Amino acid sequence: LQKTCCPCCFGRSCLVPNQGYLSEAGASLIDTKLKLNVVPKTKVVRLAADSFNYPAYKRKWMTAKREINERVSAQFHGRRVFQPRGLPTKIGSFQLFVEGYSDADVLLKQIDHDSLTEEVSQQFQRKFERLVVLDYIIRNTDRNNGNWLIKYDKTACDRDR
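Counted the way UniProt numbering counts, the sequence shown spans residues 1 to 161.
If you're looking for bench data, these hints aren't it; they were derived computationally from the structure.
Warning: the hint list may mix true and false statements.
Think about it this way: if two alpha-carbon atoms lie no more than 16 Å apart in a straight line, the pair counts; the simulated EDC-like pairs of lysine to aspartate or glutamate are [said to hold, decoys possible]:
no., residue 1, residue 2
1, Lys41, Glu129
2, Lys41, Glu70
3, Lys43, Glu70
4, Lys33, Glu99
5, Lys109, Glu67
6, Lys41, Glu67
7, Lys35, Glu129
8, Lys60, Glu99
9, Lys151, Asp103
Note that the coordinates shown come from a computational prediction; the quantities given were computed from them, not determined experimentally.
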């Protein structure tokens with residue numbers, strides 16, 4: 001239906017390169033507004049870290065500035081040539097870590113092996129339907145078992161039986 005009604009923009013090809021973090025944060029915002037509770041809280045943030053991918057010239061420039069400041073500071077009692085700013089920040093999405101969840105790939109195989117109670121099965125169905133609704137609204141077409149999470153506590157299910 002979406003491809004027919006709006007064929008100009010469908011799926012990942014609609015995203016502007018290097019702007020995917022906006023769709024991550026947008027999905028969280030829509031999830032919150034609709035009270036679906038299927039997406040962890042996600043915000044757009046600016047961060048800097050040595051582990052980020054910076055061009056070699058930026059890393060060398062920051063190292064050179066640090067070394068110059070150290071030499072000047074040693075010679076002129078704490079003075080600096082450059083203000084210590086560190087690596088430049090990068091913008092991206094920052095998502096809340098959720099405990100106890102696993103890839104759908106792993107847990108669906110486990111659930112296939114174990115029989116679910118009717119109540120747990122209905123809860124799973126409701127959550128899955130919420131995910132489908134969200135994907136439809138945000139035009140997410142690349143959902144697969146590797147990119148959604150499920151929380152399944154077999155011991156809690158066994159206690160409820």
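Enumerated hints in conflict with the structure, sorted upward: Failing hints, ascending: 1, 2, 3, 4, 5, 6 and 8.
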